[in-house]
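**Student:** Next come the chains, spelled out residue by residue.
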Amino acid sequence: MYQPLWLTLKLALVTTLCLLLVGIPVAAGLARSRSKLKPFLEAIISLPLVLPPSVLGFYLLLAFSPQNGLGKMLDSVFNIRLVFSFAGLVISSVIYSLPFMVHPVQGGLEALPVSLREASQTLGKSNWQTFIKILLPNIKPALLTGIILTFAHTLGEFGLVLMIGGNIPGVTKVASIAIYDEVESLNFSTAHIYAAILLVVSFGILLTVYLINKRLNKSRITT
Amino acid sequence: MIRISIQKKLHMAGGNGVLNVDTELADHSFTALYGPSGAGKTTLLRIIAGLLQPEQGIIEVNGQTWLNTAKKINLPPQKRNIGFVFQDYALFPNMTVEENLLYALPKGGDKNKVQLLLEMIGLQNLAHQKPALLSGGQKQRVALVRALVRNPEILLLDEPLSALDNDARNSLQNELQTIHQQLKLTTLLVSHHIPEIYKLANKVIKIDQGEIKQKGTPTNVFGLHQQANGLTLIGEVLYADSNRIEILTEGNIIQIPASPQTRSLSVGDKVSIHAADLSLQKLS
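As they're listed, the protein sequences go chains D and X.
According to this note's numbering, the first sequence is numbered sequentially starting from 212.
According to this note's numbering, the second sequence is numbered sequentially starting from 70.
In short, the hints are calculated from the structure, not lab data.
This one's a predicted model, so the numbers in the text were calculated from it and none came from an experiment.
Mixed in with the good hints, there may be bad ones.
Said to hold, decoys possible - EDC-like cross-link-like pairs, simulated, lysine to aspartate or glutamate; straight-line CA separation at most 16 angstroms:
1) Lys-344/D with Glu-168/X
2) Lys-284/X with Asp-91/X
3) Lys-140/X with Glu-124/X
4) Lys-148/X with Glu-329/D
5) Lys-275/X with Glu-93/X
6) Lys-351/X with Asp-338/X
7) Lys-141/X with Glu-124/X
8) Lys-199/X with Glu-168/X
9) Lys-344/D with Glu-93/X
As the list claims (entries may be wrong) - Quick look at which bits of chain X chain D covers, simulated, 3 or more residues with Cβ under 8 angstroms:
10) 133 to 147
11) 158 to 171
Stated by the list, open to error - Simulated coverage check for chain D against chain X, where a stretch passes if three residues somewhere in it have a Cβ under 8 angstroms from a Cβ of chain X:
12) 331 to 337
13) 342 to 348
14) 418 to 425
All C-beta atoms in this analysis are idealised placements derived from N, C-alpha and C, irrespective of residue type, glycine included.
Kindly generate the complete structure, drawing on both the sequences and the hints.
**Tutor:** Structural data, given as structure tokens:
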């Protein structure tokens, strides 16, 4: 009964953690970039916002499939199979939620006065020290928004999970899939429980973001 | 001795131009860069700091080459031992006053120095405050001493006092003066404010349209000659009609009867007032 909920939570946590590692460098690169390719990169990263999850899921399914290039290589060289596995779910969730991490963090970095970075450089600090000690601590609201939105968005995934993971109990059957499953079997009461829990948790998460951001913004940063 | 010879394309209000500067700054000198907005003063400061790169040029500081485009040498800002004070202070909002200063301290540096600097500007009691809670003058004091933590070879001040009210401005000027007398740092100040330049600088470089138009002492550059038993004031016209002229000078407004000489004056003009020809009425 609780297995799909636990799996959902695990997927959301792992995805958020991976996206912190992937999303922050991408956001930092975009915020500083003046390349002509920047709009193309931004468009690619934003695609999951507008594409039906089934489209992304379809292409990822093709890519991960052991019959095709990438999936074949992973299968034969590393013995890794991404379709219908938890690892596959994580990778597709990372791609699917990328804009939810990158956009707030990039926006936060771009809104910081350039003089903060320059002041740190003129004080002899490396770009890395500047990033870790000055830039990141001053975009806490943006980081928090990125983390929470990624987490909440992954909780609510359905189409993509269904395409990549299917419906394997304990492996890929997350709460949103379980609801669909229960409704199809006319188990409305179990579906009710899953649905209500997802609703309450999602609302709670969003409410927390807005409350914390309100507090952080109050005590914020006039240089 | 600091030698600067640089050329950089400028995007100015009146179209594109070139910043073309070739000058030297003597050790321990206090030089003001004066000129209209968009003349290239801040650009020059940023080039010296390594925050901007010129198309061509050489910068040598006490025998060390910071920039030589012909030899493809261009030290990043981190490798140039400078103190830079920004117009918007650029204090780190996530750190307290003391942490801002400690951050500037090189590895293994003496932490007592931070305390001494805080005492020097009288802000020991605010050491644990975040910058957001300080007044403009206090923020600029912190920014100033933060720039001094590394014992810079040159202190670069980008209109540091322009956002302050008159009182704060005056007391900061006094502090800059004291700091310069004590530490004898070679200092380059961007300023629009002639009284400030008179008070602080022993040399002025006047820049317009990217070119150095004049260099010399403030008195020479602003074309004034102190009269033997008189007084010369520098001010700005606040009001002018056919009867009277009102001038802001040193924080005071003075009123002078109009004369044929003053007919061409309009609001915003910079003027010098010689004691011999004027009758003054002090309004505040």
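**Student:** With reference to the structure, classify each hint as holding or not holding.
**Tutor:** A quick look at each hint next to the structure:
1. With a C-alpha separation of about 11 angstroms, the suggested pair Lys-344/D and Glu-168/X falls inside the 16 angstroms cut-off, and the hint holds.
2. Between the alpha carbons of Lys-284/X and Asp-91/X the distance comes to roughly 11 angstroms, so the proposed pair stays at or under 16 angstroms and holds.
3. About 13 angstroms separates the Cα atoms of Lys-140/X and Glu-124/X, which keeps this hinted pair within 16 angstroms; it holds.
4. With a C-alpha separation of about 13 angstroms, the suggested pairing of Lys-148/X with Glu-329/D holds against the 16 angstroms cut-off.
5. Between Lys-275/X and Glu-93/X the CA atoms are separated by roughly 14 angstroms; this keeps the pair inside 16 angstroms, and the hint holds.
6. Annotation: proposed proximity of Lys-351/X to Asp-338/X is violated, straight-line Cα distance about 20 angstroms (limit 16 angstroms).
7. Between Lys-141/X and Glu-124/X, the direct Cα distance comes to roughly 11 angstroms. Compliance with the 16 angstroms bound is thereby established for this hinted pair.
8. Distance restraint check for Lys-199/X and Glu-168/X: the Cα-Cα separation of roughly 9 angstroms lies within the 16 angstroms cut-off, and the hinted pair is therefore satisfied.
9. The straight-line distance between the Cα atoms of Lys-344/D and Glu-93/X is roughly 36 angstroms, outside the 16 angstroms bound, and the hint therefore fails.
10. With a threshold of 8 angstroms between beta carbons, the proposed coverage of the stretch 133 to 147 of chain X by chain D holds, since 3 of its residues qualify and at least three are required.
11. Closer than 8 angstroms: that is the beta-carbon criterion, and the stretch 158 to 171 of chain X has 6 residues meeting it against chain D, so the requirement of 3 holds.
12. Check result for the stretch 331 to 337 of chain D against chain X: holds, 7 residues qualifying (beta carbon to beta carbon below 8 angstroms, three or more required).
13. Under the rule that three or more residues need a Cβ within less than 8 angstroms of chain X, the assignment of the stretch 342 to 348 of chain D holds, with 3 such residues.
14. Check result for the stretch 418 to 425 of chain D against chain X: violated, 0 residues qualifying (beta carbon to beta carbon below 8 angstroms, three or more required).
Checked against the numbered hints given earlier, this structure breaks hints 6, 9 and 14; the rest are met.
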